[in-house]
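Trainee: Go ahead and model the full structure; you've got the sequences and the hints to work with.
Position in the sequence shown (first residue = 1) + 1 = the working numbering.
Check each hint, because a few of them may be wrong.
Simulated restraints on C-beta separations [what the hints assert, rightly or not]:
1) 158 / 62: 22 to 30 Å
2) 7 / 234: 47 to 55 Å
3) 141 / 114: 14 to 22 Å
4) 13 / 55: 28 to 36 Å
5) 175 / 210: 50 to 58 Å
6) 78 / 214: 41 to 49 Å
7) 158 / 202: 52 to 60 Å
8) 164 / 53: 30 to 38 Å
9) 166 / 16: 43 to 51 Å
10) 152 / 121: 17 to 25 Å
11) 17 / 215: 24 to 32 Å
12) 7 / 161: 42 to 50 Å
Since the hints were made in silico from the structure, they are not lab data. Bear in mind that the values here come from a model prediction, so they are computed numbers and not experimental data. Glycine included, each C-beta is placed from N, C-alpha and C at the ideal position.
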Amino acid sequence: MERLRQVGMFCLSFGVLGVLWQLTSTYLVSPHLIPPPGDVLRTAIPMLTTAEIPRHMAASVARVAVGFALGSALGIVLGVLMGRIRWVHDLLDPVIEFFRFLSPTAMIPIAVIWFGIGETSKYFLIFWGTFFIVLINAIHGVLATPWARLRAAECLGATRLQIFTLIVLPSAVPSVVTGMRVALASSYLSIIPAEILAADSGLGFLLQQSSLLVQTNRVFVVLAVFGILGYLSDR
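Mentor: Next comes the structure, spelled out in structure tokens:
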């Protein structure tokens, strides 16, 4: 029953969105600005059958996967160290706080200068958009380990390694996973400007090309693909 309820709410949610979209494009806004769902669907079919969407989607997903994996891995390792070792935290925290407010978009000129317009610059920007979010959440997860668990383990004779592997790491997992979910969204947000400004493939590039030609239908198709990819990745 719970599964059926979830499916029903899912269909209802997107059904309401579709109805509001149709009403908006019909009565409130020009269809040239917000094309109705039917027009977007008809535009999407040839883009899918000719492999235009799959080709650009594969390029974007590969970039997101590499940058997200690197950023998450380093963020978790460094976050655990900073949360567990006080002097490492005190040494690196000021630098982290300085750099984490520089958005991936702001780093595009530096990425192009350092790495050119090849794949490495895209990986770097997605890494940048992922690393700090995962890092901060990993630090929080380690520092938020309940003292009662730590004291109980010590009273039972657990070694420092056992406390770290059996108490600290499991306690930090919820915060780390939350940070990775937020960072995943940031990865998709990072790839769009990167591909718009310095790429010849990917969904961001396709979005830019459609915008320059004022092809609103195609723009909405690409936006829908981004939303679907993000939703499926988060699931």
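Trainee: Decide, hint by hint, whether the structure agrees.
Mentor: Tested hints:
The hinted range of 22 to 30 Å is not satisfied by residue 158 and residue 62, whose Cβ atoms lie roughly 48 Å apart. Checked against the hint of 47 to 55 Å, the C-beta distance between residue 7 and residue 234 comes to roughly 19 Å, which is inconsistent with it. Checked against the hint of 14 to 22 Å, the C-beta distance between residue 141 and residue 114 comes to roughly 34 Å, which is inconsistent with it. Taken as a hint, the range 28 to 36 Å holds for the pair residue 13 and residue 55, whose Cβ atoms sit roughly 30 Å apart.
Range check, residue 175 to residue 210: Cβ separation about 41 Å, and the 50 to 58 Å hint is violated. Roughly 45 Å separates the CB atoms of residue 78 and residue 214, a value that falls within the hinted 41 to 49 Å. For the hinted restraint 52 to 60 Å between residue 158 and residue 202, the CB-CB distance of approximately 58 Å keeps it satisfied. A C-beta distance of roughly 54 Å is found between residue 164 and residue 53, which places it outside the suggested range of 30 to 38 Å.
Separation of residue 166 from residue 16 is about 47 Å and conforms to the stated range, judged on CB atoms against 43 to 51 Å. Under the hint 17 to 25 Å, the C-beta atoms of residue 152 and residue 121, about 47 Å apart, miss the expected range. Distance hint check: the CB atoms of residue 17 and residue 215 are about 29 Å apart, consistent with the given range 24 to 32 Å. Checked against the hint of 42 to 50 Å, the C-beta distance between residue 7 and residue 161 comes to roughly 43 Å, which is consistent with it.
Comparing the model with each earlier hint shows violations of hints 1, 2, 3, 5, 8 and 10; every other hint is respected.
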